[in-house]
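The primary structure of each chain is shown beneath.
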Amino acid sequence: MPDLLLVVVVLALVVVVVTAPLRARAGAEEAEENAVRAELEAARDAKYREIRDAELDHRTGKLSEADWRSIDRALRAEAIEILRRLDDVTGAPR
Amino acid sequence: MLIAGKACLILALALSVYGIAASVYGATRPPGPGAGGWTGGQWVASGRRAVYALAGVLLAAFAILELAFLRSDFSFALVATHSSTTTPLFYRLAAAWSSQEGSLLLWVLLLSLWSSLLLRLTWRRAREIAPWATAVLLGFAAFFSALIVFLETPFGQALPAPAEGVGLNPLLRHPSMMIHPPMLYSGYTLFAVPFAFAVGALITRRLDARWIQLTRPFTLAAWVFLGTGIVLGARWSYSELGWGGYWGWDPVENASLMPWLTGTAFLHSVLIQEKRGMLKVWNVGLVLATGILSILGTFLVRSGILESIHAFGASTLGVPFLVLIVVLVAGSIVLVAARAGDLRSEHRLDSLLSREAAFLLNNLVLVGLCFVIFWGTFFPLISEAVTGTEASVGPPWFDRYTVPLALVLVLLAGVGPVIAWRRATPRNLVRGFRVPVVAAAVVVAVLVAAGGVAERPAALAMFACAAFVLGAVGQELVRGTRARRAMAHESVPVALVSLVRRNRQRYGGYLVHVGVAVLFVGVAASSAFQDVRELRLSPGQRATVGGYEVTYVRPTAALRAASNGRLERIELGAVLRLRRDGRALGAVRTYRSYFPSQDPSLGAISRFFEGEATSEVGLRAGLTRDFWSAIAPDTAELRPRIARGDRVFAAAVDELPPAAWNAALGRALDGLVASYASDPPAATFRVIVSPLVAWIWLGAGIAVAGGLICLWPGGTRGRRVETAARAARVARDVREPAHV
Amino acid sequence: MGAPFLPSAFPIGHTSIRMDPHRKRRIRLIVASTCAALLALALVYTSFSASTEARTPSQLLADASSGRAYQLTGKVVPGYERRADGTLAFQVRDRTGGGVVPVTYKGAVPDPFRAEREVIVTVRKEGSAFVGERDSLITKCPSKFSEAKAEQT
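Protein chains in written order, with numbering that gives the first Met the number 0: chain D, 0 to 93; chain E, 0 to 739; chain H, 0 to 152.
Just so you know, these hints were derived from the structure itself, not from any lab. Heads up, a few of these hints could be off.
[To be verified] Simulated DEER-style distance windows between Cβ atoms: (1) E:Asp341 - H:Gly97: 53 to 63 angstroms; (2) E:Ile324 - H:Ala41: 23 to 33 angstroms; (3) H:Asp62 - E:Ala673: 50 to 60 angstroms; (4) H:Ala39 - E:Asp645: 56 to 66 angstroms.
[As the list claims (entries may be wrong)] So, partial list: chain E residues that the calculated Cβ filter (under 8 angstroms) puts toward chain D: (5) Ile2; (6) Ala6; (7) Cys7; (8) Ser45; (9) Ala52; (10) Ala59; (11) Arg123; (12) Arg430; (13) Glu475.
We put the beta carbon where it would ideally sit given N, CA and C, even for glycine.
Start from the sequences and build out the full structure, keeping to the hints where you can.
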């Protein structure tokens, strides 16, 4: 009997958890926007890491001045683009 | 609770299948509501929740099994065959995964937990890839769930339930042996994460570096766990088994090392893809190979296809695993071929003297090592297929190829951090490598002058390469600190901490390199300069081994009881006194434990000497050298007394009540061990003196610390973001690069 | 950055001839592939020449060359003996019964070693006896995934 009770409880919980998204109608658009923002924020952070990495490589002699300036310029341009897209999503300057 | 456990496993299988279907259906649906008014996103979300539910259900199943072990519920067949009322609590809990069935359950549980964590952290940032990755991970979960539902259930019933269990194999009663499987399985299951994301990236054609960045923490964690598991196994072998070695090129050892090698290669080569958009095909191939090798490792342990100390005899799992591996290999090849056009490199290799080239060479060496080990491991099957005769290669063959490759690998661990990107000029090279080369040269000069090392050129070369690495990393720390001070005007200690904190991946990686170099120094020294002797000593006698004067002081003999007061084992051993260079170093104790056999046909006394036996090593470990000893007591002189005792107690079993019989047996055994202690025969001692063995464990610890630094989550992101954002905005407005 | 470093095949003073990048890449690929192929060939050759043939006791008794190493696999027959000089004298039989080979062995004896356990040991035929190679004895870990299970439902 305890076995059966446990199985029924677990099964009920599983059904509730798994079907929750199928039962929820509202909030889908908001969830979509949150997902886009999260993706852009992650891309932004990754780009900043690349910019810092390149500068450290230059300062420790692994990247020549010319190469670093070229890479830094490209990376900052990419970062600006990501910020622009993030501004569009959030509607606020960052 | 057996029924509840089985039901949980069936539910797990059903959830896995549902999750695959929901994720794939949701990912392939066009936008907008479909049948039933549900969107693709809702189905994908439901599939994701199936992963969370799977983790919950498997946790419940595992909890049921652990409770059964805890309560010594011998109606569970697994508990009856792998535990007993006298097994200590820690080992009782860990005994769950000492069995085929329990270990499979642990494997799929860990997979579900890591998958849940992955999806929780990344699904928003990988909306297109995540559903496919979910489907792949659930595919693995479905496979393992099907195995434990249909073939090897952990919830089999013992009929009738015995009053006492068989107990855990004494060889496994060691903390590192109990943690070793969870570490290994965590490594294998975590490597499934980048595998799944690679498949998702290939399917969705999202083949930029994003999927690598998202899964990097899991890849790193897999590397740390698997590496730790491998080292724990080596440590157990060294400190518990009676042979004194830590690595034997056994097929099951090799099976865990291969995915670790390709995983290491992947962690390096993805840096090239991120920086330069190169090696895309290579990276995808590597991560797919790592995932497949993880499954192969799991397969090797359970199939019995190769002779190994871990070989468990042919089981029913060989064919299903083989089918899975074939599907994974074929599917990977088809996917990569189909996406070859999307995997073109954005840049080419500018120069062989460049960081890119060093990383590529590092990859080739690691993959080469993996190939050598693969070939040697599977050679019995290969030779049988080619010549009709099964043959195997031994440690000398493996050493012939792995030693030079390891030397190149360690050297590259020093080259990589220092050499310039794209193209190193002669000035770069001189400036970058002056200090490491000098460090290596100094070490060589000192060791050659000290004498005795030049006769082992491979070991000397390894010491030089390690010094090269330490010189290179030290130089990088100094230069980085100097750069940080120039930028932020901090004091040296603060600048050093800031430098590491803000560049965790880089400097954590450098620390890993240091750890690996230290580890290989330990391997080289302990292999090349080891002194191994078999000594036969009587009490009072002494011998000299590796500079140690070893004196057999006295025998030891004892009966040990289990937690319920019943006799668990007999211990026969010795105390050895050590001296070196005229100084007394204290004593070590080594003994052999004899556990009784459960075979009812054996005599009452002799069953104690016909069951399992384990060696307890007498170990004096130090930073410069280890003294290792294991005794093999000579029980031949006890045999007549044992045989006599067997006859007496066989005759007395019907004459005495059980309590009296047991009491008499206890006294007889007492007398037996007392006679060994008072008049001990000569014993054989295996004695090994190895220099720098401790550096292996130390190096591994340093490497793990480096890995954890790489894994550590970011802290002051907000402040840096704001500063960088302002600088980026300034740069955009004035159209000039700004400096942070 | 200064003058670019050119690992050219024609380093003629300052007026070095720049190789066509495609040709350079092809040369690198050919060199690398050749090295890899040679290494693989060496690997394959040495594995076949340095390998030890696996034999059961029956196979060994039927045909074994003196001085050649074989990997003997089988089960330990009850009644093995550890001699005073540290030698382990034991017999190995086929897994399914049949031939029995006597072996004398010196070296590390694994903890799980005992009668009816499966072992692997490298032996050489010396005269009519089989001598085990030092430290080559492996005993299979017997119980982790045990074949004998309690009756189950």
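Structure-based check of each hint:
1. Separated by about 59 angstroms at the C-beta atoms, Asp341 (chain E) and Gly97 (chain H) satisfy the suggested range of 53 to 63 angstroms.
2. The supplied range of 23 to 33 angstroms is met by Ile324 (chain E) and Ala41 (chain H), whose beta-carbon atoms lie about 28 angstroms from each other.
3. With their beta carbons about 52 angstroms apart, Asp62 (chain H) and Ala673 (chain E) fall inside the hinted range of 50 to 60 angstroms.
4. Between Ala39 (chain H) and Asp645 (chain E) the beta carbon distance is about 59 angstroms. The supplied range of 56 to 66 angstroms therefore holds.
5. Contact between Ile2 (chain E) and chain D, as hinted, is supported at the beta carbon level, the nearest pair being about 4 angstroms apart and thus within 8 angstroms.
6. At about 4 angstroms, the closest approach between the beta carbon of Ala6 (chain E) and any beta carbon in chain D falls short of 8 angstroms, and the interface hint on this residue holds.
7. About 7 angstroms separates the beta-carbon of Cys7 (chain E) from the nearest beta-carbon of chain D, less than 8 angstroms, and the hint is met.
8. The beta carbon of Ser45 (chain E) comes within 5 angstroms of a beta carbon in chain D, closer than 8 angstroms, and the hint placing it at the interface holds.
9. A distance limit of 8 angstroms between C-beta atoms decides the matter here; for Ala52 (chain E) the minimum to chain D is near 5 angstroms, and the interface restraint holds.
10. A hinted interface residue such as Ala59 (chain E) counts as satisfied when its beta carbon comes closer than 8 angstroms to some beta carbon of chain D; here the least separation is about 6 angstroms, so the hint holds.
11. Checking Arg123 (chain E) against chain D by beta carbon gives a least distance of about 4 angstroms; that is within 8 angstroms, so the hint holds.
12. Interface restraint check for Arg430 (chain E): the shortest CB-CB distance to chain D comes to about 6 angstroms, inside 8 angstroms, so the restraint holds.
13. With a least beta-carbon distance of about 7 angstroms to chain D, the hint placing Glu475 (chain E) at the interface is held under the 8 angstroms criterion.
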